[in-house]
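> Between the sequences and the hints, there should be enough to build the whole structure, so can you do that?
2 protein chains.
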Amino acid sequence: MDVLMGVGKAGLKSGGKPDLLVVVLPQSCNASFLFTQNHFKSASVLYSEKVFKGTVRALVINSGNANCAVGREGLLHAELMAKKVSECLDIEEEEVLVFSTGVIGKPLPIGDVLSAIEEACKVLEPLDLKRASDVISTTDRFPKYDFVKKGKLEAFGFAKGAGMIHPHMATMLAFVFTNAELSREVLEKLHREINERTFNSISVDACMSTNDSFGLISLGTHKEELESVREALEEVSLSLAKSIVQDGEGATRVIKVHVKNASISLKARLIAQAVATSNLVKTAVFGKDPNWGRIVAAVGSTAFPVDQFKLKVYIGNHLVYDGKVHPKAVELAKRYMEESQEIEIVVDLMEGKEGWTYYSSDLGYDYIRINAEYTT
Amino acid sequence: MDVLMGVGKAGLKSGGKPDLLVVVLPQSCNASFLFTQNHFKSASVLYSEKVFKGTVRALVINSGNANCAVGREGLLHAELMAKKVSECLDIEEEEVLVFSTGVIGKPLPIGDVLSAIEEACKVLEPLDLKRASDVISTTDRFPKYDFVKKGKLEAFGFAKGAGMIHPHMATMLAFVFTNAELSREVLEKLHREINERTFNSISVDACMSTNDSFGLISLGTHKEELESVREALEEVSLSLAKSIVQDGEGATRVIKVHVKNASISLKARLIAQAVATSNLVKTAVFGKDPNWGRIVAAVGSTAFPVDQFKLKVYIGNHLVYDGKVHPKAVELAKRYMEESQEIEIVVDLMEGKEGWTYYSSDLGYDYIRINAEYTT
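For the record, the sequence lines run as chains A and B. The numbering of the first sequence is this note's numbering, which starts it at 11 and goes up by one. The numbering of the second sequence is this note's numbering, which starts it at 11 and goes up by one.
Because the hints were derived from the structure by calculation, they are not lab data. Positions of the beta carbon are idealized from the N, C-alpha and C atoms, including for glycine. Keep in mind that the hints are not guaranteed to be accurate.
Stated by the list, open to error - Computed footprint of chain A on chain B; a stretch qualifies when at least three of its residues, placed anywhere within it, have a C-beta under 8 Å from a C-beta of chain A:
#, segment
1, 49-55
2, 301-315
3, 326-336
Set out below in structure tokens:
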């Protein structure tokens with residue numbers, strides 16, 4: 011059941027830090043991969059999408075260079091990376107997937123990358139989640155990983171990301187594993203469901219990256235009830251997703267928006283997203299301002315009608331609006347915002363039973379500093 | 011043909027500035043009104059939507075209070091405002107429309123507002139576009155108005171707005187008039203078309219207001235070819251729309267995104283919007299950074315596929331990307347961005363004949379200061 015890893019240096023990151031990771035699975039494993047919906051995809055994503063047929067044996071990931079917008083040679087580079095891993099480890103080329111993250115528009119120094127792959131494949135050691143996250147990180151402030159064990163069931167993963175797109179750095183990457191045996195069909199279905207509630211329910215700057223990838227891999231050595239597997243995988247995935255928001259560019263606080271009692275879940279989701287991604291709500295949270303007027307304006311901004319005379323808005327536990335404002339609750343909400351690191355906004359639509367939770371980060375001066383003062 | 015106006019003070023604005031405007035038309039005029047799509051509408055918008063039947067005789071507009079999220083009494087207040095104008099000027103109540111802009115969630119001091127309406131109706135003078143814009147402004151830095159005369163055809167208008175939503179201040183309002191005679195059907199069609207290319211193609215913070223309203227009024231004293239009327243009205247409307255972007259919260263530059271040679275115009279429009287509203291593009295413009303990677307990531311982020319190996323991106327006149335980056339052009343684009351007040355980004359999709367232009371403002375520290383340091 012041991013997952014192995016090897017680390018190399020291709021000189022893509024400043025300071026000569028390790029920037030190349032090879033992850034090797036004990037055998038060909040059922041897996042599911044979800045890639046960015048951006049039509050301006052990284053060549054590494056285009057390559058992996060093309061070759062992936064439902065099973066995987068190894069992952070090769072470089073950080074510091076997105077292998078994106080570099081013309082057709084990017085596709086060749088991705089292929090050469092897979093081929094090199096295949097040769098070094100004597101495994102099928104089609105079972106090696108390639109991922110990249112970093113600067114857009116700069117050709118990979120492919121010679122250095124291939125040498126780093128050789129180096130990485132020479133010394134394989136057990137997968138160290140923290141170190142794996144460190145190697146694939148770009149401007150992340152902390153590594154992102156989690157491990158859940160429930161009886162004999164294991165779920166674990168690592169990720170990187172500090173913005174949907176960083177200043178010329180692109181992407182979040184996340185890889186989650188379980189020892190549970192899952193058929194490819196079940197795996198794919200589970201993967202999509204979990205992705206919607208985790209990585210597709212977070213936002214730092216509402217910008218879609220060219221390189222986003224999320225892989226779910228079944229090592230298949232343990233039989234377990236599907237419901238338990240789902241729970242464990244969702245727990246790990248949500249933990250990784252939330253850590254990306256927490257590490258969002260310039261973020262000082264996590265915003266958790268929960269919309270409840272909607273007629274259908276899509277409505278709950280779109281409203282939660284509208285509130286969580288509103289620049290005006292995000293700046294208000296940064297300013298510790300219980301500005302419920304901006305929240306209701308965002309609630310009303312989707313295609314779904316809402317009843318403004320009936321719906322309720324809470325900041326923390328404080329009911330600030332229910333058709334009318336409650337000035338005392340607004341005062342208390344202000345104190346709550348000054349004291350809390352995670353700001354919860356609850357919108358009760360009072361019309362049904364469906365709900366959705368969406369996470370984002372606040373928007374402050376450091377987001378501008380990071381994104382405006384970087385120059386090409 | 012004279013449009014008249016009266017001004018009053020209801021004490022809604024700090025400093026006791028005039029905050030109530032009554033506009034009186036010489037007779038019942040064909041008109042078309044478009045209101046915010048937000049489901050959390052101001053009571054004034056709800057009232058005007060309900061009573062408007064295609065003709066209008068007077069407008070009453072208060073600034074400093076949005077009459078929004080104040081419960082059902084907001085509807086009664088809007089009705090009382092219309093009734094008061096109707097009594098003072100002896101005109102049909104149903105031909106008086108009501109508009110409000112300002113703080114959300116605070117009940118109107120209706121007694122003071124009705125007194126201000128009486129005051130305004132006592133002394134009517136010819137419409138002064140600059141002064142009209144001043145009276146309805148909230149935190150605008152400059153008045154917004156324009157006048158076009160082509161032979162005997164006249165088109166003119168005034169507006170307010172400095173953000174889709176201001177810190178607890180909501181809205182853009184715009185009123186455009188022409189002396190041209192137009193049937194209600196033609197007027198409505200023209201209005202929707204012009205609105206799409208002007209007020210619906212601008213963004214400051216991508217946030218939809220609760221009070222947005224755009225009125226188009228035909229005074230009907232002059233016969234003119236439709237095409238000339240369209241041109242004049244679009245010229246005035248675009249000028250007002252651009253001045254709102256220019257006055258956007260914390261804005262230092264206008265961003266003009268033109269997507270050309272798309273297969274269909276919806277595609278051009280959604281891509282132009284994605285680029286113009288991307289926080290990453292907006293911060294790059296603020297930082298004078300020709301960050302084409304962020305532009306292409308936004309280009310790829312809509313539902314419409316694009317060919318990343320074929321499309322071209324220009325910053326100003328500089329071709330920075332056409333499947334590959336052009337580093338020298340990026341250098342020149344940097345100088346262009348340092349020297350220009352309006353930054354033009356052109357995306358050539360190389361696939362058809364349709365185009366769209368979208369305007370936005372950059373995103374800098376002052377946007378955060380204005381929106382985070384305001385406290386409830």
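> Under the constraints set out in the numbered hints, which ones does this structure not fulfil?
none
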